[in-house]
Each structure stands twice: as C-alpha cells, then as structure tokens.
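*Asks:* Next come the chains, spelled out residue by residue.
Number of protein chains: 2
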Amino acid sequence: MTAKALVVLSGGQDSTTCLYWAIREFGAENVSSVTFDYGQRHRIELDCVRELSALTGIENRVLPIDTFAAIGGDALTDSKIAVCGEVTEKTGLPNTFVAGRNVIFLSYAAAFAYQRGIDNIVTGVAQTDYSGYPDCREETIKALEKTLNLGMDSEFKIHTPLMHLSKRETVELADKLGAMPAMAMTHTCYNGQRPPCGACPSCELRARGFAEAGIEDPLLTAS
Amino acid sequence: MTAKALVVLSGGQDSTTCLYWAIREFGAENVSSVTFDYGQRHRIELDCVRELSALTGIENRVLPIDTFAAIGGDALTDSKIAVCGEVTEKTGLPNTFVAGRNVIFLSYAAAFAYQRGIDNIVTGVAQTDYSGYPDCREETIKALEKTLNLGMDSEFKIHTPLMHLSKRETVELADKLGAMPAMAMTHTCYNGQRPPCGACPSCELRARGFAEAGIEDPLLTAS
Numbered sequence: 001m002t003a004k005a006l007v008v009l010s011g012g013q014d015s016t017t018c019l020y021w022a023i024r025e026f027g028a029e030n031v032s033s034v035t036f037d038y039g040q041r042h043r044i045e046l047d048c049v050r051e052l053s054a055l056t057g058i059e060n061r062v063l064p065i066d067t068f069a070a071i072g073g074d075a076l077t078d079s080k081i082a083v084c085g086e087v088t089e090k091t092g093l094p095n096t097f098v099a100g101r102n103v104i105f106l107s108y109a110a111a112f113a114y115q116r117g118i119d120n121i122v123t124g125v126a127q128t129d130y131s132g133y134p135d136c137r138e139e140t141i142k143a144l145e146k147t148l149n150l151g152m153d154s155e156f157k158i159h160t161p162l163m164h165l166s167k168r169e170t171v172e173l174a175d176k177l178g179a180m181p182a183m184a185m186t187h188t189c190y191n192g193q194r195p196p197c198g199a200c201p202s203c204e205l206r207a208r209g210f211a212e213a214g215i216e217d218p219l220l221t222a223s
Numbered sequence: 001m002t003a004k005a006l007v008v009l010s011g012g013q014d015s016t017t018c019l020y021w022a023i024r025e026f027g028a029e030n031v032s033s034v035t036f037d038y039g040q041r042h043r044i045e046l047d048c049v050r051e052l053s054a055l056t057g058i059e060n061r062v063l064p065i066d067t068f069a070a071i072g073g074d075a076l077t078d079s080k081i082a083v084c085g086e087v088t089e090k091t092g093l094p095n096t097f098v099a100g101r102n103v104i105f106l107s108y109a110a111a112f113a114y115q116r117g118i119d120n121i122v123t124g125v126a127q128t129d130y131s132g133y134p135d136c137r138e139e140t141i142k143a144l145e146k147t148l149n150l151g152m153d154s155e156f157k158i159h160t161p162l163m164h165l166s167k168r169e170t171v172e173l174a175d176k177l178g179a180m181p182a183m184a185m186t187h188t189c190y191n192g193q194r195p196p197c198g199a200c201p202s203c204e205l206r207a208r209g210f211a212e213a214g215i216e217d218p219l220l221t222a223s
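These protein sequence lines map, in sequence, to chains A and B. Heads up: the first sequence begins at 1 in my numbering, then just goes up one per residue. Heads up: the second sequence begins at 1 in my numbering, then just goes up one per residue.
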C-alpha cells in the first residue's frame, strides 16, 4: 500500500513549506491537506489556502471549528500560553484564543486521516523559534502521537520537518523544495494586510528569515 | 488553593454518576460541568443536562462542536471504532461519528479548565464494558493526560472513577453517592425515547446493571 500523507495547511509560510516537503516525500498523488476555519480574524488565510491548492493541485478540505470561539469568548484573561508556529503569527485573537489548540488541530487531522486510510500527518510546528509555546514542542507532539495511536488503534506518524529549523533554515528548505512561487501566496502579517504591513512582529520575523537566507521574499515582489 | 474539578457531563448514567462522585471528592462548591453539543441526534441529552444542573445546582456550560459532523459527513464507511461509554449508548450517529472523539472532548475540557484554573477533569469512560473502544482505555487516558500537561504546561489530573467498574458496580456506586434521584433524569435509550424503549442494546445494558445491583431504575419509575 502506498503511504499517504495529510498536511495541516494554514496558508502560512511554515505549513506551505511542509506541503512541498510532503510532496517530495510521498509524491503529489499521495498528499492532501486540511485547513481549519476556526473564526480566524484574517479570513485572507483561507484565500491563501485556496490559491495554494490551485497552484499545487493538492486537494484541500476546510473543516469548521466553532468551539474555540465559544471557549475563548468566555474567560479570556490568561495569555500565558499562545498557539504556535504560523498560527501565532497570524492571530492575536483574544476571542478565539485557546490553550493547547494545536493538540486539537492535530487530533482532528488524525480523525480525518483515519477515515481516509492516511497514516502520515504533517505539521509545521517548530520549537526553535517558538520555545514559549508548549504545544509545539517535540515532546508534546510525541506524546500526542502516542495518544492518538492508542485512542484510534492506529499507526499514525506525525511529521514535523521544521521542528528544529530556524526561520532562515525554513526559508532555505522552501527554496530547495521549489516552494518559492507558493511563498508569494502565503500569509504572515499579524495585521492581516496584503501586501504585508512589514512592521508587525510576524512580518519582521519573516523578513529576517529571508534576509538571513539571502533570498528575496516572493510575497513582497508579488505585492 | 482549593482543588476544583470539571465534569464532562453528557446527561447519561455514567457521567451523572461521575458528577456525584466529584461532588463527594471536591465539594459541590468546587465542581462545575461541561457538555458538548456536537449535533447529537437525540437532543433530549441536552434537556437531561439542564435538569441535572437544576437538581444539583452545579454550574454547566454547553460548548458547541460543529467539526464532527463536517468530518463524519464526508466519509462514513468505517464503524470499526466508535465513541465510548454513554455516548455510544445514545448515538449510533453515522453522520457525526468520529474516531477518537473522546480525545477531543477531553482536550476541549482541558482547554476550558485551563482558563478557569481547574486542575481536575472527571470523565465517565470505562474500559470494562467497552473494551472495543480504544479511546476509553486507561492507557489512552494516561497518554492523553501527559499530552495535555505537556501541551498546556499544566498539571491536570484526569479522573476516571468508573474505569474498572462493571455496570452493576456503577449502579451501586451511584446509589452510594445518593445519585438515584438524578438517575431519573438521565438518558440512555439508543432510540432517543423517554420513557426509554426498553428493547435497544443501551436500554438492555442499563437494565442489566440495575437488575444485578438489585436496585430499581428511577428512570422507569419516573416515566
């Protein structure tokens, strides 16, 4: 049986790099993606996902999540723990903030994968740049993988190709994978602007990664 | 600091027993409950929860989940794994079936508990009667507890007071805890009937538990 993979695609730089990584590892015909519509403030993310799917030809499914907003809207005083990776770059959503959200994203991805006979799940979490976010750490992902395999009697493997990469290395990997045309379609700006504002922490982090890699960000050229 | 507890309450026999267990262990003033509205076919479950909350005076919050229906509605040919415990008794919902659903319920409960400074989560899963459901097994719950603690940098304890009890022992525990008046408000029937149909597997399982315990089911007397 051919190994199939499901990429958790947010429309950001990291998960888009993972999409190309999965295509290289498993072959385009064996890759699909899933995106969560959890009421994110920047609906542009979902536009990005559509463009990326059209560009790559990789099937995408958008799944709704109304629960985060319901939880977050109730008691939202603690910002000690935020969501991780590219999700964080784009949100700053007090009304949808939920601790451990990444655990739930990956659990849904596994439930979705289970029904389609997919064993490999790919996510763009990285502990290098986001060490403050406990649900992005390798240890958490390993524990979750075990939980999901016990809970669904399955043999999922959660792949985290960016786990130990710096932003610079992620840019270099994207370049090597031929993902640069796709980078023009990704969304990073914390303020939800396109062209990006260039001044927010997310834009700055992205810019630094491209600068350190010595590569021009196609998003800026495209804008 | 006083230990606080959150009970995952479905309106069924098992989780209602757990509600009374939590009241005994933590004190009524430290207990609250959460219920998931995931599109269950039998809306009567939510009525049961309201009645139980009124009876016990324990605060309850209903959280919506629209994701299961979206996943389940897509590809629903595999019924190898079902949800566990009392949820199973009441559903048989092809359009909302999701493998590992219990993992997601408890993850949401933890996210909700996190925001309220609650460390103890109580669930009615039991591996005795439902050994076929992998996300009810003790091993799965232990792995999930570890995952949630790593992912939220927390010290949650997931309590499963019914884990190793037979249905008879669960009835005896409910009786000992003074939960019998509440049992009249619980919902079990697979066919969603109230009074219960008495013929479906869920009704039969419940009836056997009460019969073996030598206790009259208040639900039948109340009907």
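Hints should not be assumed to be uniformly reliable.
In this list, chains with the same sequence are indistinguishable; a pair is considered to hold if it fits within one copy or across any two.
List time: in silico DSS-like cross-link candidates among lysine-lysine, alpha-carbon distance up to 30 Å [claimed, not checked]:
id: 1; residue 1: Lys176; residue 2: Lys142
id: 2; residue 1: Lys146; residue 2: Lys4
id: 3; residue 1: Lys176; residue 2: Lys4
I should point out that these hints are in silico values taken from the structure, not numbers from a laboratory.
*Asks:* When no copy is specified for lysine 176 and lysine 142, does a C-alpha distance of 30 Å or less occur within a copy, between copies, both, or neither?
*Replies:* within (27 Å within a copy, 41 Å between copies)
*Asks:* One pair to classify: lysine 176 and lysine 4, alpha carbons no more than 30 Å apart. Within, between, both, or neither?
*Replies:* within (22 Å within a copy, 51 Å between copies)
*Asks:* If the cutoff is 30 Å on CA atoms, where do lysine 146 and lysine 4 land: within, between, both or neither? Let me know, please.
*Replies:* Both, since 19 Å and 28 Å are each at most 30 Å.
The earlier numbered hints are all upheld by this structure, with none contradicted.
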